[in-house]
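Chains A and B supply the protein sequences, listed in that same order. Numbering-wise (numbering that gives the first Met the number 0), the first sequence opens with residue 0 and increments by one. Numbering-wise (numbering that gives the first Met the number 0), the second sequence opens with residue 0 and increments by one.
These aren't lab readings, by the way, just hints derived from the structure by calculation. Since the model is a prediction, treat every value here as computed from it, not as a measurement. Each residue gets a CB set at the ideal place from its N, CA and C atoms; glycine is no exception. Hints should not be assumed to be uniformly reliable.
Pulled from the structure, derived: some chain A residues nowhere near chain B, Cβ distances all over 12 Å [as the list claims (entries may be wrong)]: (1) A11; (2) L20; (3) R35; (4) L49; (5) Q64.
Here are the simulated DSBU-like pairs of lysine-lysine, each with C-alpha atoms no more than 30 Å apart in a straight line [unchecked claim]: (6) B/K11 with B/K46; (7) B/K123 with A/K18; (8) A/K115 with B/K155; (9) B/K18 with A/K18; (10) B/K24 with B/K11; (11) A/K21 with B/K155; (12) A/K21 with B/K139; (13) B/K155 with A/K86; (14) A/K62 with B/K33; (15) A/K88 with A/K66; (16) A/K62 with A/K84; (17) B/K24 with A/K81; (18) B/K39 with B/K139; (19) A/K62 with A/K44; (20) B/K155 with B/K139; (21) B/K139 with B/K116; (22) A/K86 with B/K24; (23) A/K21 with B/K116; (24) A/K21 with A/K40; (25) A/K18 with A/K62; (26) B/K139 with A/K18.
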Amino acid sequence: MTAEQVWDSMVALVSADPKQLKWSARERERRELNNRHNLAKMLDKTEPALLFEASQLVAAALKDQNKEFDQLRKELDAARAKDDKEKAKEIQRRLNASQRILRQTVSRCFYEAAKKSNNKEIQAQLAASAGDGPMG
Amino acid sequence: MNMMETARVDAKAASLNEKLMTRIKADEILLGIKDPRSAKSFENYRKTLHQTWSRAAALPSPAPRGHFLREFGQSDRDVIENASDEASVPQALTIMNGSLLSQITSGWPTFSLNLRKAATNEEKIDVLFLSLYSRPPTAKEKTHVLQTIESYASNKNLWEDITLAALSTRRFIFVE
Chain A
0 MTAEQVWDSM
10 VALVSADPKQ
20 LKWSARERER
30 RELNNRHNLA
40 KMLDKTEPAL
50 LFEASQLVAA
60 ALKDQNKEFD
70 QLRKELDAAR
80 AKDDKEKAKE
90 IQRRLNASQR
100 ILRQTVSRCF
110 YEAAKKSNNK
120 EIQAQLAASA
130 GDGPMG
Chain B
0 MNMMETARVD
10 AKAASLNEKL
20 MTRIKADEIL
30 LGIKDPRSAK
40 SFENYRKTLH
50 QTWSRAAALP
60 SPAPRGHFLR
70 EFGQSDRDVI
80 ENASDEASVP
90 QALTIMNGSL
100 LSQITSGWPT
110 FSLNLRKAAT
120 NEEKIDVLFL
130 SLYSRPPTAK
140 EKTHVLQTIE
150 SYASNKNLWE
160 DITLAALSTR
170 RFIFVE
């Protein structure tokens with residue numbers, strides 16, 4: 000019997016409805032996909048000049064981020080060579096944080112571009128789907 | 000509120016269909032749940048059960064490291080044909096000490112409810128064999144389990160222990 004068959008046998012022992020789908024995860028995926036779809040539709044309608052401006056801001060942020068990333072990688076290698084686990088852990092934490100900050104920067108730049116749009120339809124969609132801020 | 004927050008789903012807040020609710024209410028009566036707090040707790044248990052106990056096909060593949068499926072040989076999908084059917088010490092430890100098995104033998108799963116519905120020890124043995132091995136016990140097996148029950152009559156966790164023993168056998172793993 001495969002791992003999946005053993006697992007399904009156990010599911011049948013626990014669940015009153017073993018065929019029930021993992022609906023909450025699917026619903027979350029559906030909502031997230033819907034959000035992204037709405038965002039993409041908004042970007043399609045945003046003025047090209049604003050998108051270009053946002054892209055430039057993202058490119059500049061990415062450049063700075065890459066510099067910081069390279070520096071941190073060097074520091075991480077040095078810390079590992081010295082077997083300084085505490086410092087390596089701290090650098091790893093900063094590396095992970097820098098990825099999150101980059102994602103937020105991209106989100107913020109394009110959110111602000113859409114906010115500047117003169118297209119009232121975009122403003123209405125933005126208010127309806129993004130609430131009071133960009134995606135985290 | 001931002002876009003990511005709106006995607007979150009609270010399974011406990013979801014409403015269940017009428018058929019499931021009827022079944023939950025019937026099970027509450029069977030379990031003797033009377034106070035509203037315990038009833039709510041049982042309802043939430045049923046509503047969130049699918050988050051852990053969904054069939055393998057409905058779970059992400061590969062499952063995370065350390066998950067039952069991975070311990071029992073599910074492929075990590077790094078390369079093709081990478082699943083394993085080799086027995087291992089971690090598998091034995093998972094069966095003996097893992098939290099998943101205790102969830103099967105605790106009070107609220109379907110199997111435990113079916114055991115409760117059986118009035119006599121003989122009926123409970125039938126439920127045990129039909130649930131775990133998909134066949135009724137032979138006369139020899141029934142006598143053996145009845146003797147075990149008599150020997151451990153004072154054990155409060157008698158059926159949990161018997162179930163765990165039955166689950167740990169090759170009969171459960173290799174039943175076709």
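Tested hints:
no.	hint	verdict
1	A11	violated, 8 Å
2	L20	violated, 5 Å
3	R35	violated, 8 Å
4	L49	holds, 19 Å
5	Q64	holds, 21 Å
6	B/K11 with B/K46	holds, 6 Å
7	B/K123 with A/K18	holds, 25 Å
8	A/K115 with B/K155	violated, 69 Å
9	B/K18 with A/K18	holds, 15 Å
10	B/K24 with B/K11	holds, 16 Å
11	A/K21 with B/K155	violated, 34 Å
12	A/K21 with B/K139	violated, 41 Å
13	B/K155 with A/K86	violated, 52 Å
14	A/K62 with B/K33	violated, 63 Å
15	A/K88 with A/K66	holds, 20 Å
16	A/K62 with A/K84	holds, 29 Å
17	B/K24 with A/K81	violated, 63 Å
18	B/K39 with B/K139	violated, 43 Å
19	A/K62 with A/K44	holds, 27 Å
20	B/K155 with B/K139	holds, 25 Å
21	B/K139 with B/K116	holds, 24 Å
22	A/K86 with B/K24	violated, 56 Å
23	A/K21 with B/K116	holds, 28 Å
24	A/K21 with A/K40	holds, 29 Å
25	A/K18 with A/K62	violated, 49 Å
26	B/K139 with A/K18	violated, 35 Å
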